[in-house]
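> Residue numbers (our numbering), protein chains in the order written: chain B, 1 to 304; chain L, 1001 to 1362.
Source of the hints: derived by calculation from the structure; they are not laboratory data.
Don't take every hint at face value.
[To be verified] According to the in silico footprint, chain L covers these stretches of chain B (three or more CB under 8 angstroms from chain L):
1) 113-125
2) 138-146
3) 222-228
4) 242-256
All of these numbers come straight from a predicted model, not from anything done at the bench.
We put the beta carbon where it would ideally sit given N, CA and C, even for glycine.
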Amino acid sequence: MAESRDQHARERPHGLGLAVAITSIALLCLLVLAPLAIVLVEGFADGVGTFVEAVTDEATVSALVLTLTVVAIVVPFHTVFGIAAAWLLTRQDFRGKALLGTLIDLPFTVSPVVSGLLFVLLFGARGWLGPWLRDHEIRIVYAVPGVVLATLFVTLPFVVRELVPTMEAIGRDEEEAAASLGAGGWQILWRITLPRVRWALFYGCVLCGARAAGEFGAVSVVSGHVRGETNTLPLHVEILWGEYHTAAAFSVATMLAASGLVTLVLRSFLERRVRASKRAASAAADASAAVALGEDTPMKGALS
Amino acid sequence: MSSRVSPWWALSLLLLSVSPLWMGCSGGGDASSSSGSRPREVELLHVSYDPTRELFEAVNERFVARQREQNVNVTVRMSHGGSGRQARAIIDGLEADVTSLALAWDIDALVREGQLLPDDWASRAPEHASEWHSSPWYSTIVFVVRRGNPKGVRDWGDLLRGDVSIVTPNPRTSGGARWTYLAMWGWAHRQEGGSDATAENALRELYRRVPVLDSGARGSSTTFARNGIGDVLLTWENEAHLLLAEHASDGLEIVTPASSILAEPPITVVDRNADRHHVRETADAYVQFMYEDEAQEIAAQHHFRPRDEAVAARHRGELPQLELFTIEEVATSWAAAQERHFGDGGLFDRISERRPSEAAPR
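Here chain B stands alone, though its shape is the one from the complex (with noise of 0.2 angstroms):
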C-alpha cells in the first residue's frame, strides 16, 4: 500500500494526490491519533496516582491475567491450526476444500455477539448441550472456558489468512522435490515450509493476538463479567466506565492502546518481511520454472 502511494505521488507531485495525501493524513489524524491522544489524558486525568492505582487494583490484575491466559491459549492454538489448515487448502485437493475455505472465513463475516449467543446457544444451561454439561459439573459459559472459545472463534481466520497467499506464492516445487528423495512429511513441513513462511505466520500471529486480547463483543455475551474470574480487560474498561470511574477506565484502557502500539509497530515491520520473502518465493519459482529441477534446489531452500 505504502509502495503504490509512493508511486502515485512520484506520477503526480500536485493536485489530486497531494489533496488525497493530506485528506487522509487528516483523517487518520482524527480517528486514530486523536482518540489514542485522548486516552492517555484521560487516563491520567486524576494524575499518576490514580493511574496507578486504577492497573495495580486487584480486579485489573486478575483482568490482565485472564486476559493473558485467553492469548496464551489462542495464539498457540491458531499458530497449529493455522499450519495445518493452510496446508490443506494450498497443498491438498479434495472435495468440500473451497466449503473449508469459506467456514474459516466465517468469523469474519459473523457478528462477535452472535457468535458469543451461539456458544450460550450451544453450551448454555438452556442450550443444547447444557443439561449434560451441569450433570458432569463442567463449565463452560460464563467461565474461563467460555471466554477462551469464545476468542478461538473470532480469531479463527487470522494465521490461515496470512498463511495461505504466501504458501501459494512458494509453490509446490520444492515441497514435492523434497518428497521425491524421501523426505517425510514433518521433515519438509520443518526444513521447507515453515523456514519460507516464518514471517507470514508470525505476522498472523501478532494479528491473532491482537485480537484475542481486544475482543469485546463475543466474550461480553459468554463471560457473565464476574469480578476477578471472567473479565478480560477490555470488559473491565467497559465496567469502569459504567460505574463512574472514568479516569480509572482510561488508565486501563491505556494498557490495552499500548499492546495495540506494539502491535502496529511490529505490524509495519512484520508487513515488509513478508511482502519480502513472497517475492523471493515468486522470483524463486520463475527460476525453477526456467530452470530444470535441480537436485540442490529443495535443500538451497532450505538452507537460505
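Here the structure of chain B is known, so what remains is to put chain L in place on it, guided by the hints.
Frame of chain B; chain L shown alone:
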C-alpha cells in the same frame, strides 16, 4: 505427487491444536466444609444490576468480617450488568447463588424461565420485613437539572411544558427507565380527573421531549452530563447522587418531586444454585445481613433509602421526604405492567411510534 506428503501429520497437528482447549476447562470448584479449627471456605457468586458496585463492595466487606468471627472464610464474587441482561445470564447458566436486580419482574423471570427459585421468593424476607417484597432498601426516581434549575422544573407536571428537553433511557431495555415510565403514569393518574387517557397523554408528551433514548441509565447520564444534552435527567435517586459526585464542577442539582414511585430492587438467594454449590447457609445469612443495621447504614450512605426506621432517621436530611406510590397502586403488578406497557405492541411501543430519532441499542 502430493500423495507422497501424508495428510496424517496435518491431522495430528489438528489434534495437537485442540489439546490446550482442555487445559482451560475446569469444573466449578465448590466450597467444601472441613471440621476442626480451620476456617470453612465458602465462595458466593452475587449477580447484581449496574449501579450497586460501591454499595455491595462496602456491604461485602462487613459481611466477610462478620462471618470470619464465626470461623467461616467467605469470598463474595460480584457480577454487575443491566438488570434484564443479568437475569438472562443467570437463566442461561451464570451460576449465581444470590441475585439482586433492579425490579421484581426480572427475578420473576428466573422463576418462570428457569425454575431456579420458588415463586414465593418475594415473601421470604425476615419476619419484620415480610411486607418489603425482598427489598431491604428502596429508592425512587428523581430529576437532575442543570445549575440553578433554569427551566424551573419542580414536579412531574413541569416536565410536560413546551420547552423542556428530557433525557431518560429506553424502558424496553432499562429497569430504571421502567420505574420512570410507571412514575409518570402513576403521577398523571393521581391528578385531579386523572384517567388512563390523561396518563397515556402525559407519557406521550414525556417521550416526545426525549431527544436521545439510551439503552441504560449510565448511557443517559453520559448523554446528559458529558454531552450536555437535555434540561432534565430522570433517573434513580442513588444514580443521581453518583452523577453529581462525578460531575461536581458542573453544578448539577437534584430535584425531588412531591411524589414519585416506590422503586424496590429486590435481593434473594437463587435456591437451585446455592443448594447445588452447598452454600445455602451462607447465602441465606448474606441476604439476611442486608436487613441488619450495619448493612442498612451502608445502604443509606450510598443513597439508597433504608427500611430500618432508626437508620432512616439518621439520614433524613440527605433523603428528602416525598410521597411514594407503589407499582401495585398504579399498575396492579409487574406482570400486568409488562403486558400492558412494555410488551410487544404495548403502550410504550404505541406512544413511541413515529419518534424522530432513537439511539441505537448497545
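> Look at each hint and say if it fits the structure.
Checked hints:
Given as covered by chain L, the segment 113-125 of chain B passes the check, having 4 residues with a CB less than 8 angstroms from a CB of that chain where 3 are the minimum. Against chain L, the segment 138-146 of chain B contributes 8 residues with a C-beta closer than 8 angstroms to a partner C-beta. That satisfies the three-residue criterion, and the hint holds. Remark: the segment 222-228 of chain B is confirmed as covered by chain L, as 5 of its residues place a Cβ nearer than 8 angstroms to a Cβ of that chain, reaching the required three. For the segment 242-256 of chain B, the assignment as covered by chain L holds, since 4 residues bring a beta-carbon within under 8 angstroms of that chain's beta-carbons and 3 suffice.
Taken one by one, the earlier hints all hold for this structure without exception.
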